[in-house]
Amino acid sequence: MIELSMANDSADLARVLDEIDARLAELPVSPKRKYAVRLALDELLSNVIRYAYDDAAAHRIELRLDPGAPFVLTIADDGKPFDPTADAPPPVLAGPVEDRPIGGLGLHILKQMGLKLAYRRDGQHNVLRVEFPEEVPPCRPCST
Amino acid sequence: MELSVEKRNDVAIVAAGGRLDAGGAPEFETRCKALLQEGAKRLLLDLAKVDYVSSAGLRSLLVLAKAVKSAGGAMALCSLAPAVRDVMTISGFDNILPLAADRAAALDLLK
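Going down the list, the protein sequences come from chains A and B.
If you read the first sequence in the numbering used here, its first letter stands for residue 1, the second for the next number, and so on.
If you read the second sequence in the numbering used here, its first letter stands for residue 1001, the second for the next number, and so on.
One or more hints might be untrue.
Simulated crosslink set (DSS-like; lysine-lysine; CA at most 27 angstroms straight-line) [as the list claims (entries may be wrong)]:
| id | chain 1 | residue 1 | chain 2 | residue 2 |
| --- | --- | --- | --- | --- |
| 1 | A | Lys80 | A | Lys111 |
| 2 | A | Lys111 | A | Lys32 |
| 3 | A | Lys111 | B | Lys1049 |
| 4 | A | Lys116 | A | Lys32 |
| 5 | A | Lys32 | B | Lys1049 |
| 6 | B | Lys1066 | B | Lys1111 |
| 7 | B | Lys1069 | B | Lys1041 |
| 8 | A | Lys34 | A | Lys116 |
| 9 | A | Lys34 | B | Lys1049 |
It should be emphasised that the hints constitute simulated quantities derived from the structure, not laboratory data.
My request is simple: use the sequences and hints to build the entire structure.
If you want it as structure tokens, here you go:
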């Protein structure tokens, strides 16, 4: 189990992403899953940092990564209630370049990669559970 | 983010390396916009050494694609790693930006 705590700023997010990379390097985790883990943390925590807080105070965001089966990431923040599984507008994926809106793709990419997001409000906290898809084929002793 | 620029006639070739994310994308976008302002009409982005793209990177690519289009130019990407290509396809970027296998193919598309 990997447990980390971070501040709600982008510099600390960069530190956490690198630390998770380093921790996953010690585990039999495929490159594809490593990419998905970085992307999930990057997109979901960027959203929390950008939108969850109305004040200028420092907040703690708690992370837990269970690298078992299922492989699950949990993010808890004390920001205002936000359910990314329900509140995000649908992405625009077609049409000419001039009509494409800037942004709004992060959650879409995660869902398309097969990540399952489940949200709950627990007291003063948003708790987001992210389950990663099973590895196919399973990563049996990763020798390389 | 590693960036190097090479000019071939009026095509500016930008070879990027590293992560096209919230950390790397601003520098990448600024450098490419400067090339457009200097008169490059056609932009070839060689992403062979880019191993990670997030929505922040997609944002920059879209900003550049819009700038190129409004200037009457053209832009192509080449040599994408499979994981990076997947993100582009999932986001519907493959139908607004040509994704070429290599530089030669991309240069052909930009002719």
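Checked hints:
For the given pair, lysine 80 of chain A sits about 23 angstroms from lysine 111 of chain A by alpha-carbon distance, which is consistent with the 27 angstroms threshold. With a C-alpha separation of about 15 angstroms, the suggested pair lysine 111 of chain A and lysine 32 of chain A falls inside the 27 angstroms cut-off, and the hint holds. For the proposed pair lysine 111 of chain A and lysine 1049 of chain B, the alpha carbon gap of about 26 angstroms is at most 27 angstroms, so the pair holds. For the given pair, lysine 116 of chain A sits about 16 angstroms from lysine 32 of chain A by alpha-carbon distance, which is consistent with the 27 angstroms threshold.
Distance hint between lysine 32 of chain A and lysine 1049 of chain B is fulfilled; the C-alpha atoms sit about 16 angstroms from each other, no more than 27 angstroms. A distance of roughly 19 angstroms separates the Cα atoms of lysine 1066 of chain B and lysine 1111 of chain B; the hinted pair therefore holds under the 27 angstroms criterion. Taking the CA atoms of lysine 1069 of chain B and lysine 1041 of chain B, the gap is about 10 angstroms. The hint holds against a cut of 27 angstroms. Of the supplied pair hints, the one linking lysine 34 of chain A and lysine 116 of chain A holds, its CA atoms being roughly 16 angstroms apart against a limit of 27 angstroms.
About 17 angstroms separates the Cα atoms of lysine 34 of chain A and lysine 1049 of chain B, which keeps this hinted pair within 27 angstroms; it holds.
Every hint, counting from the list given before, is met by this structure.
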